[in-house]
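Engineer: According to mature numbering (1 follows the signal peptide of the UniProt record, and there is no 0), the stretch in the sequence shown is residues -17 to -1, 1 to 149, in order.
Hints may contain errors.
Label pairs and their computed distance ranges (CB to CB) [as the list claims (entries may be wrong)]:
{"no.": "1", "residue 1": "VAL45", "residue 2": "ALA139", "range": "18 to 24 Å"}
{"no.": "2", "residue 1": "ALA82", "residue 2": "GLN18", "range": "31 to 37 Å"}
{"no.": "3", "residue 1": "LYS79", "residue 2": "ASN10", "range": "32 to 38 Å"}
{"no.": "4", "residue 1": "TYR12", "residue 2": "PRO70", "range": "22 to 28 Å"}
{"no.": "5", "residue 1": "LYS23", "residue 2": "PRO99", "range": "19 to 25 Å"}
{"no.": "6", "residue 1": "MET19", "residue 2": "GLU76", "range": "22 to 28 Å"}
{"no.": "7", "residue 1": "PRO99", "residue 2": "GLN20", "range": "21 to 27 Å"}
{"no.": "8", "residue 1": "PRO99", "residue 2": "LYS126", "range": "29 to 35 Å"}
Restricting the straight-line Cα-Cα distance to at most 25 Å, the calculated cross-link-like pairs of lysine-lysine (PhoX-like) are [unchecked claim]:
{"no.": "9", "residue 1": "LYS132", "residue 2": "LYS85"}
{"no.": "10", "residue 1": "LYS71", "residue 2": "LYS81"}
{"no.": "11", "residue 1": "LYS23", "residue 2": "LYS81"}
{"no.": "12", "residue 1": "LYS85", "residue 2": "LYS126"}
{"no.": "13", "residue 1": "LYS79", "residue 2": "LYS23"}
{"no.": "14", "residue 1": "LYS85", "residue 2": "LYS71"}
{"no.": "15", "residue 1": "LYS126", "residue 2": "LYS81"}
Simulated from the structure, these hints should not be mistaken for laboratory data.
C-beta atoms are modelled at their ideal positions from N, C-alpha and C, and glycine is treated no differently.
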Amino acid sequence: MSRFRFLSLLLPAVLLAACRPGIENLNTYHYAGGQMQEGKLQYSENPPVGGVYSRVWQSCGVYAAPVYDEYAVHTLARGAIWIAYDPKLPAAEVTKLKALLKDHPLSLLSPRPSLPSPVVITAWNAQLQATGADDPRLNAFVKQYADVKTAPEYGAACSGGYTDAQ
């Protein structure tokens, strides 16, 4: 009888965990990775979330100017998260975005013109358009995707790549 009681307590907990709500309006994709190509590449998403990328990667860090997509995608393939923000975003909000990433060295932060929203956070095969630095979904995204081992080159260094911006 105690076995059934244990199962009756365990089953609801398992179901609740499995049915936990995800991040609202999170977009996911299915790019394979490992496909490198030189030159200017075209991407379907803005900013890109995966696909073909350059042999060169963007070194993780904070940039004051836009970074090259081909390099940033390679950095995503290494497991980084990338926050791109509208260049017109107030400095106080950019400071909040920097604070969000301070404990996550495997990350990029850069301005990007023509975004679909003021802030877009991206990991390999996942992207979220945010309303600004105070959007609570940003924290949820970082919690879910920072240091995730599903990127195709996870574990490769994020340093030693391209360190300039456009």
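Engineer: Against each hint, give a clear statement of whether it holds in the structure.
Structural biologist: Comparing the hints with the structure gives:
no.: 1; hint: VAL45 <-> ALA139: 18 to 24 Å; result: 20 Å, holds
no.: 2; hint: ALA82 <-> GLN18: 31 to 37 Å; result: 34 Å, holds
no.: 3; hint: LYS79 <-> ASN10: 32 to 38 Å; result: 23 Å, violated
no.: 4; hint: TYR12 <-> PRO70: 22 to 28 Å; result: 25 Å, holds
no.: 5; hint: LYS23 <-> PRO99: 19 to 25 Å; result: 21 Å, holds
no.: 6; hint: MET19 <-> GLU76: 22 to 28 Å; result: 34 Å, violated
no.: 7; hint: PRO99 <-> GLN20: 21 to 27 Å; result: 25 Å, holds
no.: 8; hint: PRO99 <-> LYS126: 29 to 35 Å; result: 23 Å, violated
no.: 9; hint: LYS132 <-> LYS85; result: 20 Å, holds
no.: 10; hint: LYS71 <-> LYS81; result: 16 Å, holds
no.: 11; hint: LYS23 <-> LYS81; result: 28 Å, violated
no.: 12; hint: LYS85 <-> LYS126; result: 13 Å, holds
no.: 13; hint: LYS79 <-> LYS23; result: 32 Å, violated
no.: 14; hint: LYS85 <-> LYS71; result: 22 Å, holds
no.: 15; hint: LYS126 <-> LYS81; result: 15 Å, holds
Comparing the model with each earlier hint shows violations of hints 3, 6, 8, 11 and 13; every other hint is respected.
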